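Student: Residue numbers (full-length UniProt numbering), protein chains in the order written: chain A, 1 to 219; chain B, 1 to 220.
These are calculated hints, taken from the structure and not from any lab test. Note that this is a predicted model, so its numbers are computed, not measured. Heads up, a few of these hints could be off.
Unchecked claim - Below, a sample of chain B positions facing chain A; criterion: calculated Cβ distance under 7 Å:
{"id": "1", "residue": "9"}
{"id": "2", "residue": "140"}
{"id": "3", "residue": "143"}
As the list claims (entries may be wrong) - With the Cβ distance kept under 10 Å, some of the chain A side facing chain B (calculated, not the full set):
{"id": "4", "residue": "61"}
{"id": "5", "residue": "65"}
{"id": "6", "residue": "177"}
{"id": "7", "residue": "213"}
Every residue, glycine too, gets a C-beta built ideally from N, C-alpha and C.
Listed below, chain by chain, are the residues.
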Amino acid sequence: MTLYSQVQSLIKKELVLEWRSKYAINGILLYIAATVFICYQSFKKVEPVTWNALFWIIMLFAAINAVAKSFMNESKGRQLYYYTLVSPQAIIISKIIYNFLLMIVLSVIALFFYNVVFGNSIGDVPLYLVSVLLGSLSFATSFTMISAIASKAGNNATLMAVLSFPVVIPVLMAIIKLSKNAMDGLDRSVSVDEMMLLLGINVIISATSLLLFPYLWRE
Amino acid sequence: MTKNWWKLLAVVFIIYTIIAGLLFKVPHLAILHESIRNLYFHVPMWFTMTMLFLSSVIYSIKYLKSGNEQDDLRAVEFANVGLIFGILGLFTGSLWAKFTWGTWWTTDPKLNSALIAILIYLAYLVLRGSLDEEQKRARIGAVYNIFAFPVMIVLVFVLPRMTDSLHPGNGGNPGFGNYDLDSNMRLVFYPACMGWILLGFWIAQIRFRMRKMENYFLSK
Numbered sequence: 001m002t003l004y005s006q007v008q009s010l011i012k013k014e015l016v017l018e019w020r021s022k023y024a025i026n027g028i029l030l031y032i033a034a035t036v037f038i039c040y041q042s043f044k045k046v047e048p049v050t051w052n053a054l055f056w057i058i059m060l061f062a063a064i065n066a067v068a069k070s071f072m073n074e075s076k077g078r079q080l081y082y083y084t085l086v087s088p089q090a091i092i093i094s095k096i097i098y099n100f101l102l103m104i105v106l107s108v109i110a111l112f113f114y115n116v117v118f119g120n121s122i123g124d125v126p127l128y129l130v131s132v133l134l135g136s137l138s139f140a141t142s143f144t145m146i147s148a149i150a151s152k153a154g155n156n157a158t159l160m161a162v163l164s165f166p167v168v169i170p171v172l173m174a175i176i177k178l179s180k181n182a183m184d185g186l187d188r189s190v191s192v193d194e195m196m197l198l199l200g201i202n203v204i205i206s207a208t209s210l211l212l213f214p215y216l217w218r219e
Numbered sequence: 001m002t003k004n005w006w007k008l009l010a011v012v013f014i015i016y017t018i019i020a021g022l023l024f025k026v027p028h029l030a031i032l033h034e035s036i037r038n039l040y041f042h043v044p045m046w047f048t049m050t051m052l053f054l055s056s057v058i059y060s061i062k063y064l065k066s067g068n069e070q071d072d073l074r075a076v077e078f079a080n081v082g083l084i085f086g087i088l089g090l091f092t093g094s095l096w097a098k099f100t101w102g103t104w105w106t107t108d109p110k111l112n113s114a115l116i117a118i119l120i121y122l123a124y125l126v127l128r129g130s131l132d133e134e135q136k137r138a139r140i141g142a143v144y145n146i147f148a149f150p151v152m153i154v155l156v157f158v159l160p161r162m163t164d165s166l167h168p169g170n171g172g173n174p175g176f177g178n179y180d181l182d183s184n185m186r187l188v189f190y191p192a193c194m195g196w197i198l199l200g201f202w203i204a205q206i207r208f209r210m211r212k213m214e215n216y217f218l219s220k
């Protein structure tokens, strides 16, 4: 099988698994709904700056919960079985793409629910959606590799947080800046820098993940 | 002597930095006044930290290629010493900030970036601590080290340059390179950088040898 068809069938497998159990995605959705509601109960009304920051903080924790289990759910035996069938690159690529899709679905639903509860004052909606898209991509790329590392180190949730926060903070700072620009409805040329930076970080993180994953999975 | 000349160089440079740094004439600038001498101590700490972390990553890559335990020990010790220099950099910077900006800590992007960079390497040590099996610890540690390095570079060298900062050279503040750093200061600044970097490598080398001996006697 070529790499492309391997990735294709692995993504299909992930989607089918997700669809059959529905446990993960429902759990995360409920998590987002509960968090948004708790925030609503405690804040009532928020300033635009807080609105933006709060949204990304909710997304950050949702992303950690959603992506962290991408390697933890699979038993050792099953992983061994995959590695005899496909190349390690195919596994990490398929995980990243699948997590990206998952994050898009989650953030769109979260954004919708967040808007319903809090209302919004976004100046430039398309640009905000672009920033949400870039945010989903960044969370997917950085958390996938970290969750692979954490799963090798005994699957503990504290370790996942300790390892991922420092790595994701630069990404998060750039995303918050970009989405703040979108909220203020600034001219789009102002945000080009942040977008290029985010794309650059994502390319670097994906490339290092691809290079490093083959070393990681070998026991 | 042929192998150890750089250690002598380190000692000479650092003694020169301390003496010349504290005694030589410096330009008299508003706000900075005599605290400008901290340039010889604060800035080289970051250069040394970066060089040590870079070496740590290089040895991590080497480890993944060779599987040689020594490379892993080197990577860890470079990271350890780099962390110490990072903390010293924060400390000297904090002291400087107190006298020029009037506060120990501000929300300056460079400060935050530096702190997060240090957090990354602390996380690296925590990750290693959580693994018992030696080869697994070395391999997974190396993977995280290499993975985190590009992010650290973006954090420390790219992000602060995109926003305003109180540091010279950012957000409209003049950089030292432009006119403040006159040729007199360069005479001390460059040897200072070299001296601190060499000292960092020296400490890392000693720590690596200690680690190696420890392992040797433990395995006996």
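Student: Take the hints in turn and mark each one as holding or not.
Tutor: Status of the hints after comparison with the structure:
{"no.": "1", "hint": "9", "result": "violated (35 Å)"}
{"no.": "2", "hint": "140", "result": "holds (5 Å)"}
{"no.": "3", "hint": "143", "result": "holds (5 Å)"}
{"no.": "4", "hint": "61", "result": "violated (18 Å)"}
{"no.": "5", "hint": "65", "result": "violated (19 Å)"}
{"no.": "6", "hint": "177", "result": "holds (8 Å)"}
{"no.": "7", "hint": "213", "result": "holds (8 Å)"}
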